[in-house]
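There are 4 protein chains.
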Amino acid sequence: MSSTFDGNLKISIFGQSHSGGIGVVVDGLPAGEKIDMDALAAFLARRAPGQNAWSTPRKEADLPEFLGGLVDDTTCGSPLAALIRNTNARSGDYENLRDVPRPGHADYTAQIKYRGHQDVAGGGHFSGRLTAPLCVAGGICLQILRRRGIEIGAHLSRIGTVADAPFDPVNLTAAALRAPGAKPFPVLDDAAGERMRAEIQSARAELDSVGGEIECAAIGVPAGLGDPMFDGMENRVARIAFAIPAVKGVEFGAGFGVSSMRGSVNNDPYYMDGGRVQTRTNHAGGILGGITSGMPLIFRTAIKPTPSIARVQQSVSLSRKANAELEIRGRHDPCIAPRAVPCVESALAIALTDALLERNEI
Amino acid sequence: MSSTFDGNLKISIFGQSHSGGIGVVVDGLPAGEKIDMDALAAFLARRAPGQNAWSTPRKEADLPEFLGGLVDDTTCGSPLAALIRNTNARSGDYENLRDVPRPGHADYTAQIKYRGHQDVAGGGHFSGRLTAPLCVAGGICLQILRRRGIEIGAHLSRIGTVADAPFDPVNLTAAALRAPGAKPFPVLDDAAGERMRAEIQSARAELDSVGGEIECAAIGVPAGLGDPMFDGMENRVARIAFAIPAVKGVEFGAGFGVSSMRGSVNNDPYYMDGGRVQTRTNHAGGILGGITSGMPLIFRTAIKPTPSIARVQQSVSLSRKANAELEIRGRHDPCIAPRAVPCVESALAIALTDALLERNEI
Amino acid sequence: MSSTFDGNLKISIFGQSHSGGIGVVVDGLPAGEKIDMDALAAFLARRAPGQNAWSTPRKEADLPEFLGGLVDDTTCGSPLAALIRNTNARSGDYENLRDVPRPGHADYTAQIKYRGHQDVAGGGHFSGRLTAPLCVAGGICLQILRRRGIEIGAHLSRIGTVADAPFDPVNLTAAALRAPGAKPFPVLDDAAGERMRAEIQSARAELDSVGGEIECAAIGVPAGLGDPMFDGMENRVARIAFAIPAVKGVEFGAGFGVSSMRGSVNNDPYYMDGGRVQTRTNHAGGILGGITSGMPLIFRTAIKPTPSIARVQQSVSLSRKANAELEIRGRHDPCIAPRAVPCVESALAIALTDALLERNEI
Amino acid sequence: MSSTFDGNLKISIFGQSHSGGIGVVVDGLPAGEKIDMDALAAFLARRAPGQNAWSTPRKEADLPEFLGGLVDDTTCGSPLAALIRNTNARSGDYENLRDVPRPGHADYTAQIKYRGHQDVAGGGHFSGRLTAPLCVAGGICLQILRRRGIEIGAHLSRIGTVADAPFDPVNLTAAALRAPGAKPFPVLDDAAGERMRAEIQSARAELDSVGGEIECAAIGVPAGLGDPMFDGMENRVARIAFAIPAVKGVEFGAGFGVSSMRGSVNNDPYYMDGGRVQTRTNHAGGILGGITSGMPLIFRTAIKPTPSIARVQQSVSLSRKANAELEIRGRHDPCIAPRAVPCVESALAIALTDALLERNEI
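Protein chains in written order, with the numbering used here: chain A, 1 to 362; chain B, 1 to 362; chain C, 1 to 362; chain D, 1 to 362.
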């Protein structure tokens, strides 16, 4: 288990922050899908570091080399394999983390699980950098879905104390879904976006970081995808969304809001709209009984604040079995959420492509 | 896919609300585990209907017959198979739902997915009744875990506008975990429980229903369980928790609260406690990088209000392609959350047993 | 793992020879498939014991009760669950086998794996009786496939020293495939069948047993099913065929014969037959690169002689750590192969249904 | 599905014969395993082309670059990823195969499955070259197993009409297992090896190819590995062995020989050997009820003759829907079996490592 998703698509993500490279193998994509490499590069650029004031200044090209699965940029049926080289030299800066784990990171838990053999350099396999191959897989799925009338988009619905306007859960358009991704800062309400950026700068100035929330949605999803119980669309999306390192919560439709709602409000009334069954509200987030209803599929993920902060933090020395202080050097994003937006879109794109590959009609 | 969980444990849940029976096959449990049948019955009774004022008056024994997997109530290594007979006669009351789907239910999505062949009687395979076999599997896992020092408990952390006190996320004891399950109404703060019950009665009086939230935790979990990316403990728990029909959100530790937190607050500082590595706070909910830290594992699930309410609701006639009104007869729980508490405990118990079965040490 | 098949179909087999019952859960069948219960009963009767001179006199009805998955004998999309009750009383005859394992049986290996907790009565979960639920799943798949123009049949290609005529690997008809299953003794050449029966009677008379070989084929299989490498049709069929307890070998097309063949002979030349691509020979058994070619899919399985024989055998006492003699009482089939024929058909039917459920075309 | 093995180990093989590279991701290996890179290179050299008179003269280094999963040549717990570059330029020689499929190859079946989008150059993903990454995974598993006292070896048991001496199925030593792999031509009986080479040369001289058979065995396998039914050791080994392109049959122990045996002969009598349970014969091939017995695990695979032969062959033009002649240029092994020996060892090594990773003892 671990870095392999074994649905109808099989996705295997490999590499560490400072190893020879990182990459992904995607087995099960339909043959004959032309990949628009420029569109893929533009999508990947949305999660790349070093682009602007609110992300880390490290700049990497992060463009994948396709080792297999394509002929003339078109899927040929064999597994798609992509490699992104790591260009950072392996530094000795990280060896201390084997002894003094960073709070909020996987240093300690990896130390226990792998009995000291884990790769600590740059966070190893636990680095946020490993979301780049996830976005390679997701970016390709997005293109495949768009060709079938399914559009996906996401935006920063919250940074710290500032909330963005929500997606319209009922009348959601492709234009509305695409809008935030086309902006340097992916929000719906630019005024809110300004305040979010101020909050991020404030956190940075205080040698601190801040969390956020991402709302993601899809339209054009056919009714009837997903299954009851363990393989409902909620289960599938959540299973992939939690693969993004900083995600601590996933909710669909009204989400945790349902806990204080009455059934008469939460139930989405059906009506006929020119021969199509629609609901007047969409508290279900487009999923009932694990199965899509044809209404927009909507979910939100909670993104924790970057654990790497410049302040001195309390930790322990595992070798000395004693308390220890830790000061993390290097430059880090004061907020991961903006760069996580395409990752969340990727999670949904993978889940939907996987579900579409499943037919019970033989 | 669908009603089969295919981890190290393989769990296959079958049956419909009005079919010959419902049940579960659990493949992969260790041999030699004695099942305490009385404890199992007591656990199952916590989700059974008809026990008190806030649940539906239908009363069923719901005790499983074990068809395989046991010798003298002890697991023998072969798949454990349990059957619970359905004692309700099949009624014709439900046929109308094939045409006029209930808002908030899976009637419409099942109709699309199964092209009209779904079993509509009593909600078919989508009935909350299917959580009984989940609890059979979970109740057995709970016993297996307890034998290894892992204790699990859950309580109603919210009903409507009323919140319960939370579990202590750092100093959580077995006694605290067991306490709510031993009460007729599973809360920590009985005064809050009184107000919750009033809220449920109020909803019932208004021919309505109300949602809730369940907090669940485990202690004694060894550090090092779970994996990075797709098979982190968050992914695993979420995948099973979303199998409970009414769950619309899952969050771990500080959960969605992280979106408005600073890293300096959210990071849980390490300290040495008599040779053991502990954290002073537990915003991570006991999971970092997908791997357990040894701190209490804590998560919350959002439970939507019962969709079956007595009020007239707006729906459509699929055959006539026209709007239609719907009035649901029969008696239904005005709040599912109390009976969902052992289901959530089961989800965590299954996820932890599954993770414990996985060793990389060969 | 173990008794759960986790392909596109999920099949979970449960029960022991003397437990409350045996059965199967099949998750993932298409909805809307009408099951012909009489045809299913006739199919199951072909593997049932006690029907004739060459099988054990124990007679059981072995008709399944469907606990879920059907409405009016038609699949409804939820998991199909079938139960066959065990009517034999639990006897104490088997307790000795926990100490003195039967040669050729799983007694010893189960003792080690389950550390003495295994169910020894009647062979427990290792009993050939567990092929009854496999045949329930297979018999239903056979009906689903036939509706789509795929016909499957099998015959005894060898018993001891006597070989049957082979299927025509190129011009194979539905009539030829159905013929052996319609006979009391499933062979193509009845004269060979007579000699086989004599060989079985001779083994019985000598308090011994004898092995056999089964050839199985399918026609109407569309080209393009299966995948390269781990999920080729050979891999899939073999994985299920080896689930039949006595199978010790599986070969496709020319099978082991290829080892002494030249490429110029083994290569099946293509030709055009009225717009369809055909091959003049079929040494490939209808599979190239793991993918079906549209030619008949043909394979053979080796069935070992019944390990339970009436002669005194050499074994050990595990408790005394000493050699011991063993005399097995009860009546047993002197040859399992005739009753294994529908089991092998079931293996192929399951593999093909599973492969048909997989589409990469979305 | 397809090129991903999803057991306890997850193995994903990627690349085509003429793509940027071929490789493998292995997820789930234990951390802390030192890889002996020289031993791995020596193992891989056994399947590399161009080494001697009986294989194709194309010579490639085929040494893998490890992109992830290692720190100082030691497994670190994250997925092991290896890349082997393809150094052959992409030639236009193969385009004709899209229209006129080679008999005995996957050209036609891939054409159907991938609707003309398959990579035809060099056989694409169906090339025998894809067994190199399988051997990378297998060679590492072999080292991990040897460290735990499990030794694996294989030899050419047959080429054409010439048979090698068999492994001693009962008293098999590590020295005997290692001997054939240390020779340039992997047989037990060198005189038989001479005749085999003559047979291969004869086939080459006749512009033809010849098939073979490989016997593979493991000693030191603990009793108790594997499961009943779908995940028996036979099923697991067969599933991986059939991933080797030319394999058309797999048999265990006495294999197809059981069909003509009596139970009194086939049953392996137990005896006590200084406190250890042993069998006097080993017709079971070390597996009973799907579970290892502790006796040597033995199986054989049938390897078909190389389909690429220099003779003119009969085929069809798919575009013209007419018969066509085909003459394959280039140089090809007249017998693949010698180079397949380490592939078969790899299949067993992967299956055993996978099974060892599974414990039910929690």
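To be clear, the hints were calculated from the coordinates, so they are not data collected in a lab.
Don't take each hint at face value.
[As the list claims (entries may be wrong)] If the Cβ cut is set under 8 Å, some of the chain A residues that face chain D in the computed set are: (1) 21; (2) 66; (3) 67; (4) 76; (5) 113; (6) 181; (7) 198.
[Claimed, not checked] Simulated DEER-style distance windows between Cβ atoms: (8) 359(A) - 65(D): 32 to 40 Å; (9) 37(A) - 327(D): 51 to 59 Å; (10) 359(A) - 87(C): 39 to 47 Å.
Computed from a predicted model, the values in this text were never measured in an experiment.
Even glycine gets a Cβ: it sits at the ideal position worked out from N, Cα and C.
Quick rundown of the hints versus the structure:
no., hint, in the structure
1, 21, "holds (5 Å)"
2, 66, "holds (7 Å)"
3, 67, "holds (4 Å)"
4, 76, "holds (4 Å)"
5, 113, "holds (7 Å)"
6, 181, "violated (29 Å)"
7, 198, "violated (38 Å)"
8, 359(A) - 65(D): 32 to 40 Å, "holds (39 Å)"
9, 37(A) - 327(D): 51 to 59 Å, "violated (38 Å)"
10, 359(A) - 87(C): 39 to 47 Å, "holds (40 Å)"
Checked against the numbered hints above, the structure violates hints 6, 7 and 9; every other hint is satisfied.
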